[in-house]
Amino acid sequence: MARTRSRLTATQETAEGTRRGVIGSRLNATGRRKAVTGGTIRGAELRTAALFIAPGFLLYAVFMLFPFIQSIYYSFTDWNGATVNMPFVGLANYIDMFKDPLLWSAGWHTVVWIVVGTSVPVAIGLLLALLLWSNTKFVVFFRTLYFIPFVIPVIVTGIVWGWIYHPLFGILNSMLEFFGLDSLTRGWLGDPNTALVAVIVAAIWGSFGFVTVVLFAGLQGVDRGIVEAAEVDGASWLQRARFVIIPMIAPVLTLVTAITLIGGFAVVDYIIIMTQGGPGTASEVLGSYAYSKAFEQNSVGYGATLSILITVLSLVAAVAFLRFREREQ
Amino acid sequence: MVKRWSSLTAASLVMLLTAAACGGSSAGGGDASGGGEEGGTTILRVFEGIQETPRLEAEAEKAIEDFEAQNPDIDVQRESVAVENQRTVIQTRLRSDQPPDVFGYDTGPGFAGVLAKADLLHSLEDAYEKYDWPIYDWAQQRVTYDGTLYGVPGSVEQLGVYYNKELFSDMGFEEPQSTDNLDAIANAAQDEGITPFAFGDQEQWPAGHLFSMALSNILGREGIDNILYGDGKWSDPQVVEAIDLMFSQYTENGYYPDDVNAITYDDANTLFYAGEAAMLPTGTWLIPDLDELVQDFEVGFFPFPSVDGSSISPPGGVGGGLFVAANTEVPEAAFKYLDYTMSQESVERGIETFNEIPAFQIDPAEYSVSPLFETVLDELSEATNPDAYGYNIDVLTPANFNTVMFEGFQEVLNGTRTPEEQADALQDAWAEAKAAGDTLEAP
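Keeping their order, the protein sequence lines are chains S and G. Quick note, the first sequence lines up with residues 17 to 345 if you use this note's numbering. Quick note, the second sequence lines up with residues 777 to 1219 if you use this note's numbering.
Treat the hints with caution; some may be incorrect.
No farther apart than 25 Å at their CA atoms in a straight line, the calculated lysine to aspartate or glutamate pairs in the DMTMM-like style are these [said to hold, decoys possible]:
1. 941(G) - 1128(G)
2. 1210(G) - 312(S)
3. 1210(G) - 249(S)
Quick caveat, the hints were computed from the structure, so don't treat them as lab data.
Whole structure, please, built from the sequences with the hints as guidance.
Laid out in structure tokens, this is it:
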């Protein structure tokens, strides 16, 4: 046996050596020309790559990078958005920010938004994606149906949900009354106890379709044979999902969760459309507070400081989440 | 590797700079879309809030055409945006290479006052002298910042209470003179199953109008002046009384619809139009809508009545105004346009079509208007003495104060903040604005 293995190894080494020899002699024969040609190709590739990258980079630089750097600068000023001069105030805005009681309440509301607004759509989206994947009938119909809320503009979603919650003619109160739950009826967006949650529900409705479709796409790469093997081994639907399917789509799940998480930090639109942060400040989140400061209260410097805080928090949260997921995997 | 990145960066930078150069040339090229002189024609950019309805928007366009017909050397490029977007748009536009030459904006210190401080407005002192515009002195004060006249006041507005005349008549009531009368009317309306006041505060600003009505009566113009320019405080007991009356007592009494913070201004108006509310507290700008949409009953208008024997000082003033950009290249054309807005033709259109009340003396009998508008016009056209009127507070107060005011009133309506706490919060916001130099100077 040992002798056989030695012979085989020797044969492989010989073949490998012959191959190297052939390649080596070919390189030797044309070495100079290849070296020159290789250099030219790299330069051309680089130029082509630069040309392809440049438009995207240009857009990124103009619309993301430059405003972001500008925002950092504004955060060190007391600019009101109108004057040519931007009084430099150093770290004053940052010091004021941490003394600002509204920051903490808006921060708490943002935490609620992130926790509920990330976990619920991801859970719903995952469940629906698994159901779609498990059943092959009407897949296109349901996938389209679930995705529709995501493609509807936020302004429309916000207005429609405002009607649903409306205290005078809203369907939610009408349904509660129909089922004899009159005591639960209220002005959902005008009640400080329900306003934030009511807006989050609208946002969840608007985003679960995105999660569903992305996860469903991820599920297309799952080997059904392995899942069927688990089924044969007696694994329940839940066990198959938990221990076989979800680990196989973990990267996609991580990505979609991270996107939803980061979106939660920056939310402004739903709040502005549905409650303007009210009643009082009951639904004010960091994004809407930054908007209000910068564009309604002529405090662009302070608003920029809040936006920097939002950026830092979302970056930290996203990186922490990704690290956590990497460790888990 | 370094070389590769250098090439990449260089290529991107070249593209970036090229694009920047292209952008720069187009912005500064003085193309046809820019203001200024072109082929003997002066291009005048006019920027204003969009009208409420397509019909009125078309009328606004027609006014421009008439101006152009009278001034063939001026080509007006009118741009209208949603009123709520004006604030975010105007500051950047004024700092751009293509600022609007003439633009409509709110007149308060948190609005045009900020622009004046930033040297973004063109002084109109010379224009006033040249054209001798007959605008009320008190209205001129609203567009005067640091002693310089910067604007032409737009229409005069008054806050008050619209009411369903038929319902009042059926219930045996006339226009109330005191809040006791008002209570009696409200109670009678409730007995009829009708909401006394159509009021919704989801947008937050409508509460500012109710507060202005009560406070103007309780303190009078002089008392409010004392807070705005003197030693008075927003935490004074009279201010607390006004907040308590409008947002605690009236809510507890059930004078407003349930869940008032979840009802919009438009929803509240609709309640009144549909006859489901007896009274509608708001401003004179709503007259065109009332004339058009209320079909089943006649609408009356009264100023908010006396509070415990106080005077009646309905909040009145100018809502917005027209301003000229500091860096306009065509100031004379801009002044001509402003002058046109005060011509007989323009005033007639303003009154009869837009139901706008000019900020100067007119003879109401000369115009053909609805009975409701005629009532208001008669009263306001005699407004040569501003002392008889109170203030719409949010027009005179800075942005940070207005935010605290609007958010806080929602909390008082919800019962999560007391009137005393709200008054203290107002005073704190005022002190902060005063320290920052954001409050109005004494006229």
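Against the structure, the hints:
1. Proximity of residue 941(G) to residue 1128(G) is assessed by CA-CA distance (about 23 Å); at most 25 Å being required, the pair is judged to hold.
2. Proximity of residue 1210(G) to residue 312(S) is assessed by CA-CA distance (about 18 Å); at most 25 Å being required, the pair is judged to hold.
3. The straight-line distance between the Cα atoms of residue 1210(G) and residue 249(S) is roughly 76 Å, outside the 25 Å bound, and the hint therefore fails.
Going through the hint list in order, the structure does not satisfy hint 3, though it satisfies all others.
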